[in-house]
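> So the sequence shown is residues -20 to -1, 1 to 905, counted in mature numbering (1 follows the signal peptide of the UniProt record, and there is no 0).
It is possible that some hints are incorrect.
Unchecked claim - In the BS3-like style, the derived pairs of lysine-lysine whose C-alpha atoms are separated by at most 27 Å in a straight line are:
(1) 688 with 671
(2) 579 with 644
(3) 127 with 155
(4) 148 with 655
(5) 655 with 245
(6) 529 with 271
(7) 323 with 337
(8) 261 with 305
(9) 669 with 655
(10) 337 with 509
(11) 494 with 305
(12) 790 with 830
(13) 494 with 470
(14) 301 with 148
(15) 497 with 470
(16) 470 with 343
(17) 337 with 127
(18) 494 with 218
(19) 542 with 644
(20) 644 with 717
(21) 700 with 688
(22) 494 with 627
(23) 627 with 579
(24) 204 with 155
(25) 271 with 431
What the hints assert, rightly or not - Here are the computed distance ranges between Cβ atoms for each label pair:
(26) 94 with 20: 45 to 53 Å
(27) 643 with 591: 36 to 44 Å
(28) 2 with 796: 17 to 25 Å
It should be emphasised that the hints constitute simulated quantities derived from the structure, not laboratory data. Glycine included, each C-beta is placed from N, C-alpha and C at the ideal position.
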Amino acid sequence: KQNIIHTVFLVCLCLLPVQPCAFPEIKHGSQYNENRYTPYFPAAVGNWYHYSCNDNFVTHSGLYLDHIICTREGWSPAVPCRRRCLFRYVVHGYTPSYEEYHKDYFQGDTVRVECHPGYSLPNEQSSMTCTENGWSPHPRCIQTCSKSDLEIPNGFISESDPTYPVHKRVQYKCKQGYVTTDGHTTGSITCQQNGWSAQPTCIKYCDVPVFENARATGHGTWFKVNERLDYVCHDGYKNGNGHTRGTIVCGDNGWSDTPTCHERKCTVPDIEKYVIAEPRKDTYRVGDVLKFSCRNRLQIVGPDSSQCYHFGWSPDPPTCKEQVKSCGLRPELPNGEAQSTPKEEYQHGEVVEYVCKPRFLMKGSHRVQCLDGEWTTLPMCIEEDSTCGDVPALAHGYVISPAAPYHHGDSVEFNCREAFTMIGHRSVTCIRGRWTQPPRCIETDERKKCKLSKSIARETNLSNNDDYTHNMNVIYTCRGKSEHRHSICKNGEWDPEVTCTEVRRCPPPPQIPKTEKMTTTVNYQDGEKISILCQENSLIQGPEEIECKDGIWQPIPRCVEKLPCSQPPHIEHGTVNSPISSEKGEEKHEPHTYTHGTKLNYICEDGFRISAEDGITCHMGTWTSPPRCIGLPCGPPPLIRNGIGPKMLNSYPYGIEVTYRCSKGFEIDGPASVKCIGERWSRPPECIKAKCSDPPRIANAILVSKRKKSYSSGEELTYKCDEYYQMEGSNIVQCIKGKWIGEPTCRDVSCANPPTVENARILDGMPRYISGDRVSYECIRPLALFGNREVICLDGTWSEPPQCKESERKCGPPPPIQSGDITTFPLAEYAPGSSVEYQCQFLYELQGNKQITCRDGKWSEPPKCFDTCVISEEIMEKHNLQTGDIVEFVCKRGIVNSHQSDCLVTCMKGKWIGEPTCRGKATTF
């Protein structure tokens, strides 16, 4: 043999011993006679054992008993028991062919299924697979809707399944820039028995645009093509056209314009030559205030200040006169009265204050001023129908003379109980359905004192070292000023606050566009409020009161023109009857728009009635919530043949579902319930004959399930084979529409008398044996037994019996070898001429003849198992190394060998012959 020299790097490899097999866990089966063989585990590679499977599962050979063998990779086969499936029927599908009907399918096998038109297996599958748990999916075709039946312009079905079962809701999505008819990016449709519930639609739309210093006047969140969006600029702003309002239109490419408003400014107003306006600037921002005075000691006629608003200056600038006139009797206020004693004459500039009577609300300034012989505009007292609830409870106090009900403007007074002191106003007033802030009652001994800070004391003539008791009134002056101010100590707090900071007063209130006329020249203190009243054709937007804060009026509401409405909303099962004008009460047809205040009535379809309120009202371009059409009750549900309905009533409410059941021997076909849908019922089910009678008689089997006179469709019965018989296929039959489906078969797997062995007798013999039973033989002396002492009944057949012969030339068990074993189960004795075969463990190499033979009572020379040389598998494979090869080793860099032969080694019988030697330093070049 020619030696091959290879040059490799020396590698260290650790060899792991072959792992034995643990006790096998046989799913859906068990090891034969496992109690007897349990002590033999773990089992060595090559050992094998018999096993059997449970009902509906079979061994790999199909026999009752099969064997598993321990290999280097573990037990083989890895899945000893496989499921057996039978293909006998398909619900709502075509009957299997003759071959399919009688064929056995095993775990992993598939079979093609054909469903009736309009039906499909779940998820559009076309085949079933036999799994550990039976057929998957079950042999049942379900009613479906097809994805291909839908066409969605500008949209798509967001789910991947091609078909869907009845009652399945399916989501669809619209492409970018499109929405469903109700304004959503996604919608849903339902698969019904007659097809899809609706055809999905995606339409072009515009989102609400980004407003700059503006806001929309409507409440829409999306807009169809050609729909308008009206907007209004914020106070003090106007759009590019110089208006405070604008309109944009939704088009195919988006909005027609950008709703942008720019800050509005006021210029210097036109004033007389004797009027001085300060401060003087080119332009003024909204909120700025001009103060007026007269030259040459003339008297001012009109306001002494004016404020810049988004609509301009208000009030108008004053005039200056040398002489002014006085006023006569003060004007009378309908539903109101003056708070001062009347006089016959009032001087220029004098002010009269008014209040409204109870149940009336004041709109406008409550102060009227005499202005050069004429009175400024009176306020209005508007009837207010609101009432307040119970008077707020006062801890440690009580109400004096309560008199419910309490209307707008009514007041009630409180008293505190003895030893308690009242903090706050003594009374509360009902204002538009709400009570004003009530007082508090605190213990008299717990009243707190007031103090002054050092900074306030330095600015006033008061001392910060003094304690000021509750209800003490102090009068003080500020440094450098002669004006006297006062404040009262109320339970530790000053009212008003002690301060030398100048409190800014507001100019006369503005004349807001489209409000009732309000001319006054009186300035207002910080915190005072005025109620605003819009003109008849306008509607207020914003708060109904303006308040004096930090020298300016805020916030300023708007009185806007009453906007029309577009088409009224659609309601399910109802339509619009006719429009009615709220102002004239006469019917009026408006095909495109409806004026503010218009009312519409709805009527419902047959079988439905309108909810309590049948109308809607147009309010500033938006309709109020529409009514609902409520389904009317139904009479008794229809009768069905061979069926029993619910208990009969005279009336059933809309939407209720009632359930049918079938007479004995019949079964529901279709949904068992019907629904009341507005004086009529949905389609009822049918009752078809579906009961099965006596269970089928299975030869050599008994019924495990409870026996009954009849069985409903879908019920299953389980059978068990008699002793000595084994079930083939499924042990279950099922009642399907009056017929039993399934044919369990019990096959005889028992054995009769064991085979006769000449010159031997049987130990513990029986008349009949079940599969797996063993029988032992004993030879008649002096003959010896050759072969297995036992025979096994396997699936109705006995294994090979032993022989009784003279024992001169027989052999005992084969000799053991290190790191190896025979491939068959060892026997106690072997007849002359018998052979056995050896195999080595993993990573060991067999040398010699792997087969030995029994001759003259001795075994021929057995082989040996040698450890392989220690080189990695990759290197062995790459260089094709085997025993007897010569390998040359190379020294590490920087190290040299002394003799060339020292680097040659040979792999012989698992050992390296020769020793590579490297010593000394290498020469650096």
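> A separate judgement is required for each hint: does it hold in the structure or not?
Structure-based check of each hint:
1. Pair hint residue 688 plus residue 671 holds up; C-alpha atoms about 11 Å apart against a cutoff of 27 Å.
2. Among the hinted pairs, residue 579 with residue 644 is inconsistent with the structure: their alpha-carbon atoms are about 59 Å apart, more than 27 Å.
3. For the hint linking residue 127 to residue 155, the alpha-carbon distance of about 18 Å falls within 27 Å, and the restraint holds.
4. The suggested pairing of residue 148 with residue 655 holds, with an alpha-carbon distance near 19 Å, which does not exceed 27 Å.
5. For the given pair, residue 655 sits about 67 Å from residue 245 by alpha-carbon distance, which is inconsistent with the 27 Å threshold.
6. For the given pair, residue 529 sits about 17 Å from residue 271 by alpha-carbon distance, which is consistent with the 27 Å threshold.
7. Of the supplied pair hints, the one linking residue 323 and residue 337 holds, its CA atoms being roughly 21 Å apart against a limit of 27 Å.
8. Proximity of residue 261 to residue 305 is assessed by CA-CA distance (about 34 Å); at most 27 Å being required, the pair is judged violated.
9. Of the supplied pair hints, the one linking residue 669 and residue 655 holds, its CA atoms being roughly 24 Å apart against a limit of 27 Å.
10. Proposed proximity of residue 337 and residue 509 is supported: the alpha carbons are some 18 Å apart, at most 27 Å.
11. Taken as a hint, the residue 494 and residue 305 pair is broken in the structure, with Cα atoms around 31 Å apart against an allowance of 27 Å.
12. A distance of roughly 21 Å separates the Cα atoms of residue 790 and residue 830; the hinted pair therefore holds under the 27 Å criterion.
13. Restraint check for residue 494 and residue 470: not satisfied, since their Cα atoms lie roughly 44 Å apart, outside the 27 Å limit.
14. For the hint linking residue 301 to residue 148, the alpha-carbon distance of about 87 Å lies beyond 27 Å, and the restraint is violated.
15. A hinted pair counts as satisfied when its Cα atoms are at most 27 Å apart, and residue 497 with residue 470 does not qualify at roughly 41 Å.
16. Under the criterion of a C-alpha separation no larger than 27 Å, the hint pairing residue 470 with residue 343 is inconsistent with the structure, at around 33 Å.
17. This hinted pair does not check out: residue 337 and residue 127 have alpha carbons roughly 72 Å apart, beyond 27 Å.
18. For the suggested pair residue 494 and residue 218, the alpha carbons sit about 18 Å apart, so the restraint of at most 27 Å is met.
19. Using a Cα cut-off of 27 Å, the hinted pair residue 542 and residue 644 is violated, with the two alpha carbons roughly 70 Å apart.
20. The straight-line distance between the Cα atoms of residue 644 and residue 717 is roughly 13 Å, inside the 27 Å bound, and the hint therefore holds.
21. For the proposed pair residue 700 and residue 688, the alpha carbon gap of about 17 Å is at most 27 Å, so the pair holds.
22. For a cut-off of 27 Å, the pair hint linking residue 494 to residue 627 is broken: about 67 Å separates their Cα positions.
23. Distance restraint check for residue 627 and residue 579: the Cα-Cα separation of roughly 45 Å exceeds the 27 Å cut-off, and the hinted pair is therefore not satisfied.
24. With a C-alpha separation of about 15 Å, the suggested pair residue 204 and residue 155 falls inside the 27 Å cut-off, and the hint holds.
25. In summary, the hint linking residue 271 to residue 431 is not supported, as the alpha carbons are separated by about 37 Å, beyond the 27 Å threshold.
26. One distance hint, 45 to 53 Å for the beta-carbon pair residue 94 and residue 20, holds here, with the actual separation near 52 Å.
27. Distance hint check for residue 643 and residue 591: the Cβ-Cβ separation is about 42 Å, which falls inside the suggested range of 36 to 44 Å.
28. Between residue 2 and residue 796 the Cβ separation comes to about 23 Å, which falls inside the hinted range of 17 to 25 Å.
When held up to the earlier numbered hints, the structure conflicts with 2, 5, 8, 11, 13, 14, 15, 16, 17, 19, 22, 23, 25 and fits the remainder.
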